[in-house]
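There are 2 protein chains.
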Amino acid sequence: MSRIVEITELALRDAHQSLLATRMALDDMIPACEDIDNAGYWSVECWGGATFDSCIRFLNEDPWERLRTLRKLMPKSRLQMLLRGQNLLGYRHYEDSVVERFVEKSAANGIDVFRIFDALNDVRNLRTSIAAVKKTGKHAQGAISYTISPLHTVEAFAAMAAELRDMGCDSICIKDMAGLLKPQPAYDLVKAIKQKCGSDTLVHVHAHATTGVTLVSIMKAIEAGCDIVDTAVSSLSLGPGHNPTESLVELLEGTGYETRLNKECVRRISDHFAQIRPRYREFFSENTGVDTEIFKSQIPGGMISNMESQLRGQGAGDRLQEVLEEVSRVRKDAGYPPLVTPSSQIVGSQAVFNVLMGKYKVLTGEFADLMLGYYGSTIGAKDPEVLKKAEAHAKKPAITVRPADLQKPEWESLSAAACALKGSNGSDEDVLTYAMFPQVAPKFFESRAQGRKNLGRDPGKEAPGAEQAAKVPSVAKGGAALSATVNYVITLNGREHRVTVAPEK
Amino acid sequence: MSRIVEITELALRDAHQSLLATRMALDDMIPACEDIDNAGYWSVECWGGATFDSCIRFLNEDPWERLRTLRKLMPKSRLQMLLRGQNLLGYRHYEDSVVERFVEKSAANGIDVFRIFDALNDVRNLRTSIAAVKKTGKHAQGAISYTISPLHTVEAFAAMAAELRDMGCDSICIKDMAGLLKPQPAYDLVKAIKQKCGSDTLVHVHAHATTGVTLVSIMKAIEAGCDIVDTAVSSLSLGPGHNPTESLVELLEGTGYETRLNKECVRRISDHFAQIRPRYREFFSENTGVDTEIFKSQIPGGMISNMESQLRGQGAGDRLQEVLEEVSRVRKDAGYPPLVTPSSQIVGSQAVFNVLMGKYKVLTGEFADLMLGYYGSTIGAKDPEVLKKAEAHAKKPAITVRPADLQKPEWESLSAAACALKGSNGSDEDVLTYAMFPQVAPKFFESRAQGRKNLGRDPGKEAPGAEQAAKVPSVAKGGAALSATVNYVITLNGREHRVTVAPEK
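Residue numbers (the numbering used here), protein chains in the order written: chain A, 83 to 587; chain B, 83 to 587.
Please note: incorrect hints may appear among the correct ones.
You can't tell identical chains apart in this list, so a pair holds if it fits in one copy or across any two.
[What the hints assert, rightly or not] In silico DSS-like cross-links for lysine-lysine, where the CA-CA straight-line distance does not exceed 27 Å:
#1 Lys345 - Lys378
#2 Lys525 - Lys504
#3 Lys535 - Lys187
#4 Lys154 - Lys470
#5 Lys345 - Lys414
#6 Lys525 - Lys478
#7 Lys478 - Lys217
#8 Lys278 - Lys535
#9 Lys154 - Lys217
#10 Lys345 - Lys478
#11 Lys470 - Lys278
#12 Lys273 - Lys217
Because the hints were derived from the structure by calculation, they are not lab data.
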């Protein structure tokens with residue numbers, strides 16, 4: 083008798099997020115739903131921060147309505163979402179009642195499995211959302227953001243898994259967002275978690291295909307007892323995306339492990355997305371091969387191209403290598419945070435500034451906050467010199483409490499602000515949309531009634547307008563010395579950074 | 083202490099054959115040679131049938147000169163070639179003295195490792211070339227064409243390996259040309275060969291990436307004791323090509339196995355071909371993803387697209403599925419030959435004819451020869467009914483002797499014919515070029531002095547003339563019944579097929 087390996091299908095969330103800039107419209111998903119529902123997946127990942135953001139920012143689509151539609155079309159499936167702990171789907175720490183309301187509403191609208199992670203692996207940032215999921219009776223999955231550093235040992239990760247289990251998690255996910263998980267660590271980690279938390283603890287592995295090594299790692303994780311594995315149908319797989327579902331199904335033959343997937347259903351799902359994918363050619367990730375350079379910097383490929391364009395915008399397109407090396411140093415100074423949204427952007431941007439303007443001459447507000455504990459705690463100690471600069475920059479002290487403990491109750495004020503917006507329907511869902519994307523939600527509410535947009539274009543037809551280019555103010559290379567401190571907001575790839583540039587003292 | 087896994091780099095032969103239609107010019111290889119020579123590879127595959135053919139057919143390049151150049155540029159490396167046993171690099175069985183001369187000249191011009199295979203796994207077709215290699219003192223590698231059928235058991239393959247060892251082979255290769263080798267069979271096969279032939283027998287695994295499973299298979303083969311593995315640098319990897327060198331290097335970390343490759347050299351090689359690859363965009367394999375459908379038909383993806391265009395040319399573009407199913411039946415009728423050049427084309431073309439014109443109504447000359455033993459013996463028995471048709475078609479009996487035993491001494495006549503050609507330089511190398519490609523060599527000899535061509539084009543510049551389209555005569559669907567037997571030659575994707583169409587009786 084073979085042991086069953088369960089599969090989570092990523093086509094509807096992380097696959098198109100990684101390969102098609104999260105632009106896939108609901109209408110291009112709907113025809114595949116019946117087959118997805120029948121294929122025998124353990125769960126169907128279909129919701130998360132980027133899909134939510136993309137819905138309201140680009141697709142004029144209500145993400146809650148998308149969820150309800152998918153719920154209706156896949157009645158037999160566990161629908162899964164990715165939740166950034168206390169950040170929810172946004173970029174700041176929310177007060178607990180907002181987190182509770184979000185989880186409650188997500189469950190009510192259709193989510194069965196909540197995969198909850200924190201960019202810094204600070205479990206205090208997961209506590210409220212895990213408890214909230216447990217209250218709804220849904221599945222709470224605690225995720226470990228996998229990373230490599232001198233401090234991130236197998237023992238340290240297993241200890242975190244035990245904490246997650248003790249907080250009530252129904253399963254543990256090893257979340258490898260950059261394809262860094264190699265076969266032997268995968269094996270050792272799954273073994274250690276099973277040993278530490280009990281062999282009946284469900285272990286779920288999520289690994290991107292970026293480096294070309296992780297399908298082997300998945301095999302090793304399975305050999306070590308991993309219960310559930312994430313894949314994407316082959317037509318939406320590989321590159322910075324994920325390993326192909328069909329390949330995993332096939333390669334297990336004869337090994338003593340098998341999936342319960344129906345190959346014909348999977349083939350039809352894959353055929354569907356093979357037809358859909360060319361419609362999003364404009365949004366393709368350029369790099370669809372294998373990238374092993376990431377083992378050096380740990381910066382995901384997508385982010386490297388962002389950095390490259392940022393550097394080119396500053397007339398420094400040739401300094402990428404310096405920046406990648408600086409990333410390692412900045413990361414060490416910050417106590418070895420894993421590099422995942424938002425810490426990857428924060429560390430990456432700071433490294434760019436360090437290279438362009440001198441070491442910690444310019445601090446982003448986010449980097450100062452990271453240093454000062456406002457995102458949570460990191461596994462390693464902070465560099466004291468950089469910490470001092472961060473305090474001076476931010477004009478506030480370092481903290482050791484859970485960041486959300488500093489938040490005042492905010493539901494009422496968020497609700498009032500949201501409901502006052504033109505086009506808001508007054509629902510809790512709208513309040514949550516506004517809470518998470520206060521800059522984007524007003525415009526979305528106003529235009530929502532015009533119906534959803536599909537940015538896909540059949541090959542051969544004219545492409546829609548190019549994406550809004552990243553707006554980076556030009557800083558003259560070797561320009562005149564500053565005479566006074568200047569504060570400004572840099573919008574970089576759609577995200578705001580508060581930057582202070584001060585003259586040298 | 084880790085065990086060393088040795089690596090053969092495929093960039094200069096199979097990688098561009100699989101991904102760029104074998105069009106890469108020597109001048110695009112030369113800048114990478116120093117790094118390849120220093121990287122620490124066990125061998126560098128750089129020569130074979132398709133590269134030879136492409137040199138004289140498309141690149142006006144003397145393949146022997148290419149070999150001598152590579153030899154000079156990589157003095158420290160074992161240069162490796164792929165040899166089709168008694169077929170050498172051509173498509174018929176040569177008389178033994180031609181085989182001996184070819185091996186002698188290949189060794190003299192620079193080849194160190196001869197990987198020798200037979201499409202049918204008939205070891206009688208390997209005997210002469212293995213003996214010839216041994217005579218030169220070079221490395222004779224006997225290859226097993228890996229395939230899946232009810233008769234191709236681990237035991238059968240291990241027995242073949244033992245025969246190859248007994249014939250003097252210095253190593254055994256498991257040659258998986260379609261990505262069919264799954265992890266468990268890979269493990270079992272390496273184990274069985276080591277057990278049957280002795281643990282000091284070098285086992286070398288060659289597996290295409292086509293199905294997305296074989297990097298895992300390679301890991302399993304390594305765990306079972308495999309000594310050498312084929313990979314291609316990442317910029318020339320994946321799709322119908324091979325697994326990325328860098329990924330294998332990285333994934334072994336901590337496993338107790340390691341390569342001896344210098345990562346910096348490998349990165350530079352990969353960077354070089356990343357720059358070169360876009361120059362051959364015109365020749366790209368369209369399918370660069372993963373294809374697991376091949377587990378059903380075993381027909382390589384490249385051949386499927388040939389079949390599709392053949393079918394479209396006959397107004398039957400919608401009948402591919404029928405053809406793929408017919409391939410399985412034709413293969414069984416023919417005694418389960420592995421599907422590799424030329425048997426894949428022979429079985430594939432016959433399946434197309436069966437679907438278009440009725441079951442064995444039209445026999446290709448090659449298929450009749452296959453049925454009658456003129457390519458060698460197959461592992462299974464032939465279907466007696468189809469055998470009878472083949473005898474009637476070919477007007478000759480089935481044979482059981484080694485096909486080359488029917489050949490009369492031919493060196494003198496080949497030599498005379500070659501030397502009479504305009505532009506021939508009278509060397510044995512030219513005689514061999516003519517012997518293997520009698521249709522193409524005359525034109526090549528005549529134009530050789532004009533120097534080699536590079537079909538690569540820098541992106542943005544005008545592409546050269548489109549490739550010669552496949553010439554398939556149109557056969558009217560449901561046309562008038564034939565009144566007499568017609569013989570004609572179909573040139574399909576550059577290969578001639580002698581076809582007889584006879585009226586129904």
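Against the structure, the hints come out as follows:
no., hint, in the structure
1, Lys345 - Lys378, "between (38 Å within a copy, 12 Å between copies)"
2, Lys525 - Lys504, "within (9 Å within a copy, 77 Å between copies)"
3, Lys535 - Lys187, "within (25 Å within a copy, 66 Å between copies)"
4, Lys154 - Lys470, "neither (53 Å within a copy, 60 Å between copies)"
5, Lys345 - Lys414, "between (46 Å within a copy, 24 Å between copies)"
6, Lys525 - Lys478, "neither (33 Å within a copy, 81 Å between copies)"
7, Lys478 - Lys217, "neither (36 Å within a copy, 81 Å between copies)"
8, Lys278 - Lys535, "neither (48 Å within a copy, 64 Å between copies)"
9, Lys154 - Lys217, "within (23 Å within a copy, 72 Å between copies)"
10, Lys345 - Lys478, "neither (57 Å within a copy, 45 Å between copies)"
11, Lys470 - Lys278, "neither (38 Å within a copy, 68 Å between copies)"
12, Lys273 - Lys217, "neither (30 Å within a copy, 52 Å between copies)"
Going down the numbered hints, you'll see the structure goes against 4, 6, 7, 8, 10, 11, 12, while the others check out.
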